[in-house]
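Respectively, the protein sequence lines represent chains A and B. Residue 1 is where the first sequence starts when you use our numbering, and the numbers rise one by one after that. Residue 1 is where the second sequence starts when you use our numbering, and the numbers rise one by one after that.
The reader is advised that the hints may include incorrect statements.
[Claimed, not checked] Computed cross-link-like contacts, DSSO-like style, restricted to lysine-lysine with a CA-CA straight-line distance of at most 27 Å:
hint, chain 1, residue 1, chain 2, residue 2
1, A, 412, B, 152
2, A, 325, B, 176
3, A, 304, B, 159
4, A, 99, B, 176
5, A, 49, B, 11
6, A, 304, B, 176
7, B, 152, A, 304
8, A, 325, B, 124
9, A, 401, B, 11
10, B, 124, A, 304
11, A, 71, B, 176
Keep in mind that the hints were calculated from the coordinates and are not lab data. This one's a predicted model, so the numbers in the text were calculated from it and none came from an experiment.
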Amino acid sequence: MDLPITRPSMICYADEIEFSEFLKDLSAKKHNGFIRITSGSDEGFILFKKGKEIAASYDRHSRVDAIDKIKDAMEDNETIIEIFNVRSSQIDFFMDMNKPYLIGSEAYDLIDEIKRSKEVNSTEPEPLPEHKTVPKPKPVSEAIRESEIVEEVKPIKSVGVEEKPISNSVSDSVSPQVNDSIESQELKETESVKSEPETVTVKDDISKINSETVNESLNETKPVNEPLAESIPEPAKPEQKFNKPSGTVSSTDTPVNQNINSTLEVNEQNQNEFSDEELEEAEMPPVGRSELMQKYGITEIQEKDIVNILESYKGGSVSDEDVEKIELTLMNKIKKSILTMSKVKGVEVMVFLDNDDGLSGKANIVIESESKGFFSRLIGDSNNVNLERRIKDISQIEIRKSFRKYPEIIDKFEVNVEIS
Amino acid sequence: MTRVITVASGKGGVGKTTITANLGVALATYGEETIVLDADVAMANLELILGMEGKSVTLHDVLSGAAPIEDAIYEGPGGVKVVPAGISLEGLRKIKMDRLESALEVLVENTDILLIDAPAGLEKDALAAIAAAQEMILVTTPEVPSISDALKTKIIANKLGVDIIGVVINREQHDKTFLTITEIETILEVPVIAVIPDDPEVSRAAAFGEPLIIKNPKSPTSNAIMQLAADLIGEEYQPIEPDKKGVISKLVEGLLGRR
Numbered sequence: 001m002d003l004p005i006t007r008p009s010m011i012c013y014a015d016e017i018e019f020s021e022f023l024k025d026l027s028a029k030k031h032n033g034f035i036r037i038t039s040g041s042d043e044g045f046i047l048f049k050k051g052k053e054i055a056a057s058y059d060r061h062s063r064v065d066a067i068d069k070i071k072d073a074m075e076d077n078e079t080i081i082e083i084f085n086v087r088s089s090q091i092d093f094f095m096d097m098n099k100p101y102l103i104g105s106e107a108y109d110l111i112d113e114i115k116r117s118k119e120v121n122s123t124e125p126e127p128l129p130e131h132k133t134v135p136k137p138k139p140v141s142e143a144i145r146e147s148e149i150v151e152e153v154k155p156i157k158s159v160g161v162e163e164k165p166i167s168n169s170v171s172d173s174v175s176p177q178v179n180d181s182i183e184s185q186e187l188k189e190t191e192s193v194k195s196e197p198e199t200v201t202v203k204d205d206i207s208k209i210n211s212e213t214v215n216e217s218l219n220e221t222k223p224v225n226e227p228l229a230e231s232i233p234e235p236a237k238p239e240q241k242f243n244k245p246s247g248t249v250s251s252t253d254t255p256v257n258q259n260i261n262s263t264l265e266v267n268e269q270n271q272n273e274f275s276d277e278e279l280e281e282a283e284m285p286p287v288g289r290s291e292l293m294q295k296y297g298i299t300e301i302q303e304k305d306i307v308n309i310l311e312s313y314k315g316g317s318v319s320d321e322d323v324e325k326i327e328l329t330l331m332n333k334i335k336k337s338i339l340t341m342s343k344v345k346g347v348e349v350m351v352f353l354d355n356d357d358g359l360s361g362k363a364n365i366v367i368e369s370e371s372k373g374f375f376s377r378l379i380g381d382s383n384n385v386n387l388e389r390r391i392k393d394i395s396q397i398e399i400r401k402s403f404r405k406y407p408e409i410i411d412k413f414e415v416n417v418e419i420s
Numbered sequence: 001m002t003r004v005i006t007v008a009s010g011k012g013g014v015g016k017t018t019i020t021a022n023l024g025v026a027l028a029t030y031g032e033e034t035i036v037l038d039a040d041v042a043m044a045n046l047e048l049i050l051g052m053e054g055k056s057v058t059l060h061d062v063l064s065g066a067a068p069i070e071d072a073i074y075e076g077p078g079g080v081k082v083v084p085a086g087i088s089l090e091g092l093r094k095i096k097m098d099r100l101e102s103a104l105e106v107l108v109e110n111t112d113i114l115l116i117d118a119p120a121g122l123e124k125d126a127l128a129a130i131a132a133a134q135e136m137i138l139v140t141t142p143e144v145p146s147i148s149d150a151l152k153t154k155i156i157a158n159k160l161g162v163d164i165i166g167v168v169i170n171r172e173q174h175d176k177t178f179l180t181i182t183e184i185e186t187i188l189e190v191p192v193i194a195v196i197p198d199d200p201e202v203s204r205a206a207a208f209g210e211p212l213i214i215k216n217p218k219s220p221t222s223n224a225i226m227q228l229a230a231d232l233i234g235e236e237y238q239p240i241e242p243d244k245k246g247v248i249s250k251l252v253e254g255l256l257g258r259r
């Protein structure tokens, strides 16, 4: 299954826990996440949603079969169990990604049944194609790769070699075990084994040495292939890793021996050149950013949060455009407030902000007051003083309202009032 | 023209200061006039890594208005110039990050590259360090929390008009537990410019107060940082191969007094 392997919340060996109790415990805790079971080279997963097992895989098995195999694997004390926690919001995404492994997925049950029935039908008349049975439904990308391999193998059939052994041998070249066997057998038994005309017919122009090598490798691959096809399914990972090298070989329309020899050469080269991880990474289909983010539970920062963060930063973040906007807004606000006052006939407000060394400002306010009566004229300027003080207060209030979060700016603001 | 590059991460403890210190020394070894400024005024570590603790005038004094920036510049290892933040917490409250910009204006006058070690997080001091630069290097480990924070930092830096040069993946372990380089590039939408392996030598060098690229120039980490420095300034770098002599032969040579 395709699941994000991060830090496990718990790791233990199979002998440290009672598996059924362990599952009950996860169910009771309404666990959201998955467990990974590693037994030797086999790996399995069970995905949980609110404590319920919703998907499972083990080696090439899926769903209920996989759970049975996992239970078998738990009998081995060396089996490692890891628990991974994921967010509940991620579970649906993982279910989408791993549809073939969903327990109770009727469509896939049906596909499996069809495959099984095909297996039974195909095995009756011909015993050989048994190894072609693929019990596990695979993701689309893998299926495409496999179909490419099958297509690429086709030209080899036209070379003049009997179909069955060659198709076996070429398909075997995909398998790492077989490649290993070919290499080792070539090293050990290049002279001892003779060609079998019943199995392979090699063209006349092919050199003797090459034909011997081909026959040896073909003959030697048979015993490896048969038990593999009969009993042990190939581990999924090595198959993935070696798809790429073998694919490059079959793309050339060359004689069989050249194909196989070059397969070996390419495999050898690749074994040297690429590490397992690099190959695996190269084999991974490209995943979209949003899928990756969802897989790892990474969320994009919201625009609102960005604004808040940037607002918290005052040093030099105010652009000249911003300054102009602030000036205009502040002018209108102060003007409005002053016009609500009695005795004020007209008002002109000019705000100047200085953004050079921190934000500071100056507000110049010119007031046209109502015409004074005789008594007011006698009292003199005391009314003007009061008015000026009130206008200053109102202006300060507006400035404070506008820069509530920035007291240092308020302190740097100067208000001048002129009354006419 | 002086390049002002901030090294930021978002998450703390990803090795940002170590990379800044070593990168600064590496750039200086290529002949670039380099100043490394520790803008992490609350958790200053750069001076410890470079073995320069206890300096009389630091960035603390500059940002609190007690000293000019020129007095806080010191000669560091490999010819790099260093402005330590100052480990004392006494002056922390007097600091005004607004003064950083004017301090930087003085620093860039006679420098080819100014490297700023930004504080972790996205608080005012971190933003001031990011906004002060034209370019930024993002440092992350291949772990989800670190990448999540790096993504936030990248977005904020973009908003502040800072160019992101690329991502440095620190403490790479070739472990399936962590994100791959491709995944990190896809999520952050920024190219990976260096992958620095997990190396116990880094901690040892820090304990000695010596930059790793001077203490152990043959280590994979040193090679990766030297390569990064070379890439930044368009230089060629030939990695130094580690000694292939066995431990026993080294021991014998040591006993015989050979070098």
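Hint check results:
For the given pair, residue 412/A sits about 33 Å from residue 152/B by alpha-carbon distance, which is inconsistent with the 27 Å threshold. A hinted pair counts as satisfied when its Cα atoms are at most 27 Å apart, and residue 325/A with residue 176/B does not qualify at roughly 52 Å. Taking the CA atoms of residue 304/A and residue 159/B, the gap is about 13 Å. The hint holds against a cut of 27 Å. For the given pair, residue 99/A sits about 23 Å from residue 176/B by alpha-carbon distance, which is consistent with the 27 Å threshold.
At most 27 Å may separate the alpha-carbon atoms for a hinted pair to count; residue 49/A and residue 11/B exceed this at roughly 31 Å. Of the supplied pair hints, the one linking residue 304/A and residue 176/B is violated, its CA atoms being roughly 35 Å apart against a limit of 27 Å. Between the alpha carbons of residue 152/B and residue 304/A the distance comes to roughly 13 Å, so the proposed pair stays at or under 27 Å and holds. Proposed proximity of residue 325/A and residue 124/B is supported: the alpha carbons are some 23 Å apart, at most 27 Å.
For the given pair, residue 401/A sits about 35 Å from residue 11/B by alpha-carbon distance, which is inconsistent with the 27 Å threshold. Taking the CA atoms of residue 124/B and residue 304/A, the gap is about 17 Å. The hint holds against a cut of 27 Å. The hinted pair formed by residue 71/A and residue 176/B meets the criterion: a straight-line CA distance of about 25 Å does not exceed 27 Å.
Hints 1, 2, 5, 6, 9, counting from the list given before, are not met by this structure.
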